[in-house]
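I would like the entire structure built from these sequences, with the hints used as guidance.
Residue 612 is where the sequence shown ends in our numbering, and the numbering goes up by one at each step.
Each hint should be verified, as a subset may be incorrect.
[As the list claims (entries may be wrong)] Ranges of calculated distance between the beta carbons of each label pair, as one might list FRET restraints:
#1 R601 <-> H575: 38 to 46 Å
#2 C511 <-> A595: 24 to 32 Å
#3 N600 <-> V426: 30 to 38 Å
#4 Q437 <-> S582: 32 to 40 Å
[To be verified] Within a straight-line C-alpha distance of at most 30 Å, the following computed DSS-like cross-link-like pairs (lysine-lysine) qualify:
#5 K536 <-> K432
#6 K569 <-> K557
#7 K557 <-> K567
Derived from the structure by calculation, the hints contain no laboratory data.
For each residue, glycine too, the CB sits at the ideal point set by N, CA and C.
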Amino acid sequence: MFLENYRYIYPVAESVNSRQHKENRLQQRAKVIWLTGLSGSGKTTLSTLLERELSSMGFLSQVLDGDNIRNGISNNLGFQHEDRVENIRRVAEVSRLMLHCGVITICACISPTEEIRQMAYEIIGKEDVIEIFTNSPLQVCEQRDPKGLYNKARMGKIKNFTGIHAPFEHPSSPDLVINTDQEPATASLNRMLQTILPSITI
411 MFLENYRYIY PVAESVNSRQ HKENRLQQRA KVIWLTGLSG SGKTTLSTLL ERELSSMGFL
471 SQVLDGDNIR NGISNNLGFQ HEDRVENIRR VAEVSRLMLH CGVITICACI SPTEEIRQMA
531 YEIIGKEDVI EIFTNSPLQV CEQRDPKGLY NKARMGKIKN FTGIHAPFEH PSSPDLVINT
591 DQEPATASLN RMLQTILPSI TI
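Below is the structure:
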């Protein structure tokens with residue numbers, strides 16, 4: 411009965427103010443900045459720095475961090491492959507809504523496989539995604555291990571952990587590669603801005 415009634419529910423996208431209207435109000439072009447990389451590769455650090463810098467420049471942005479998403483809209487998911495796919499699907503759907511609001515959305519998610527990332531970009535719209543690969547060797551990420559996750563994974567307390575039990579596939583053609591083990595965060599931030607600003611500035 412529910413499914414039968416559901417077909418009479420229509421999206422309201424056509425009846426609300428357009429994305430362009432909202433972008434003009436905010437004086438910016440909305441994009442989704444998708445940071446992908448191993449745990450400990452610098453995604454959270456760089457996404458936080460980027461949001462602060464964009465704010466200081468007058469841009470409105472929002473960070474969607476993997477940990478916060480896991481504690482909120484994805485708190486019912488585990489780390490099996492199906493759950494990882496669903497988690498990223500939810501992040502992508504939220505990003506698409508933010509995009510329509512004219513907001514620059516910064517997603518900091520491991521998103522470990524090319525298949526998962528391409529699914530997300532198709533939901534968002536590939537032309538609206540700027541993919542940034544925070545590339546850091548596994549051993550460096552393990553040495554950093556700010557949350558102690560690698561240690562727990564090695565001890566068997568965390569299953570299906572990316573980089574230990576589950577693979578991480580390098581992006582095939584990212585818009586920017588940041589080798590976070592080879593340069594300070596401020597230098598990485600500047601390179602991110604050089605890549606992003608032309609796409610978000612009116």
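Evaluation of the provided hints:
As the Cβ distance of R601 to H575 is approximately 32 Å, the hint placing it in 38 to 46 Å is violated. The hint said 24 to 32 Å for the Cβ distance between C511 and A595, and at roughly 28 Å that hint holds. For N600 and V426, the Cβ-Cβ distance of about 37 Å falls inside the hinted range of 30 to 38 Å, so the restraint holds. At about 34 Å, the beta-carbon gap between Q437 and S582 stays in the expected band of 32 to 40 Å.
For the proposed pair K536 and K432, the alpha carbon gap of about 20 Å is at most 30 Å, so the pair holds. Distance hint between K569 and K557 is fulfilled; the C-alpha atoms sit about 15 Å from each other, no more than 30 Å. Among the hinted pairs, K557 with K567 is consistent with the structure: their alpha-carbon atoms are about 13 Å apart, no more than 30 Å.
The structure is inconsistent with hint 1 alone, although it conforms to all the rest.
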